[in-house]
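Novice: Build the full structure now, drawing on both the sequences and the hints.
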Amino acid sequence: MKWKTKWVLAIIVAISVFSFAKLEELGVINKPVTQYITTGKDFIVMKKWVSSFFSDPEEDRITVSSDNTEELPFAAYESMQPYKDGVIVSYTNAMPITAQGDGLVVFTGFTRQSGKTITVLYEDGDEVTYGFVGSLQKLPYSTVKKGDTLALMNDEAIYLKVKREGTILDAAILATYFSEDSK
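Residue numbering for the sequence shown follows our numbering, starting at 64 and increasing by one per position.
Everything labelled a hint here was simulated from the structure, so no lab data went into it.
Glycine residues also receive a C-beta, built at the ideal position from the N, C-alpha and C atoms.
One or more of the hints may lead you astray.
Straight-line distance between alpha carbons at most 27 Å, and here's what the computed DSSO-like set of lysine-lysine pairs gives [said to hold, decoys possible]:
| hint | residue 1 | residue 2 |
| --- | --- | --- |
| 1 | K69 | K85 |
| 2 | K94 | K67 |
| 3 | K201 | K179 |
| 4 | K147 | K69 |
| 5 | K179 | K208 |
| 6 | K201 | K226 |
| 7 | K179 | K209 |
| 8 | K85 | K65 |
Quick list of the computed label-pair ranges, beta carbon to beta carbon [what the hints assert, rightly or not]:
| hint | residue 1 | residue 2 | range |
| --- | --- | --- | --- |
| 9 | D233 | T212 | 43 to 51 Å |
| 10 | V80 | G229 | 18 to 26 Å |
| 11 | T174 | V80 | 21 to 29 Å |
| 12 | P145 | L215 | 35 to 43 Å |
| 13 | T161 | A77 | 42 to 50 Å |
| 14 | S142 | A84 | 14 to 22 Å |
| 15 | W70 | A157 | 25 to 33 Å |
| 16 | G188 | A73 | 40 to 48 Å |
| 17 | S242 | D165 | 13 to 21 Å |
| 18 | K85 | G188 | 36 to 44 Å |
| 19 | G90 | P159 | 37 to 45 Å |
Specialist: So this is what it looks like as structure tokens:
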């Protein structure tokens, strides 16, 4: 497919997505179309499709060496986009979701907003929700220690939401929250 055709198709898809969202907002469409369009898996599919138009990422890689230091798992994200009360965070590879500190699993299950979900209440009072996970590794009301595997990613993206003292943290703050090693 020629690059012009790809761009025309990408523009048509983008315009149609925004048009459906606007029509739903105005009440012309009564079905929740944006819910179908903006689920986590659709973001991943669209991201992969759009990124396939560009050059191979293997060509742009540079070999780098450094000291072997422990990397925070949620600090190495590829992109972070606001979604509902939290964010959708995408990574280059699926990885295990580990506990950020000692705490208690308060919920495991399926929600409309974030699919298969696990919520952990940490000892510092923060309640972190991890959504769109592949498989759960902990049962509800299980205690966890820092570094314990909570769940495994199914795709390269997850939903994250943090409540601190009963208030949901803003999406702009979450990048800093997950990059600090305060726990």
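Novice: Just to be sure I understand the hint, the distance between the Cβ atoms of V80 and G229 should be within 18 to 26 Å; is that true here?
Specialist: 34 Å, violated
Novice: Note whether the CB distance of S242 and D165 lies within 13 to 21 Å or breaks it.
Specialist: 20 Å, holds
Novice: Sort out whether K85 lies within 27 Å of K69, counting only the CA atoms.
Specialist: Status holds; Cα separation ~24 Å.
Novice: Can you confirm whether the C-alpha distance between K201 and K226 stays at or below 27 Å?
Specialist: Roughly 20 Å separates the two Cα atoms, so the pair holds.
Novice: Does the structure keep K179 and K209 at a Cα separation of 27 Å or less?
Specialist: 22 Å, holds
Novice: Falls inside 14 to 22 Å, the C-beta gap from S142 to A84?
Specialist: Holds: the Cβ-Cβ distance is about 20 Å, inside 14 to 22 Å.
Novice: With the threshold set at 27 Å, check whether the alpha-carbon distance from K85 to K65 stays at or below it.
Specialist: 30 Å, violated
Novice: Using the beta carbons of D233 and T212, state whether their distance is inside 43 to 51 Å or not.
Specialist: 28 Å, violated
Novice: Measuring from beta carbon to beta carbon, are G90 and P159 in 37 to 45 Å?
Specialist: Distance hint for G90, P159 holds at roughly 43 Å.
Novice: Does the hinted range 25 to 33 Å hold for W70 and A157 at CB?
Specialist: Distance hint for W70, A157 holds at roughly 30 Å.
Novice: Range hint 21 to 29 Å: satisfied by the CB atoms of T174 and V80?
Specialist: Hint holds: Cβ distance 23 Å, inside 21 to 29 Å.
Novice: At the C-beta level, are K85 and G188 separated by a distance inside 36 to 44 Å?
Specialist: 40 Å, holds
Taken one by one, the earlier hints fail for this structure at numbers 2, 4, 8, 9, 10, 12 and 13, listed in ascending order.
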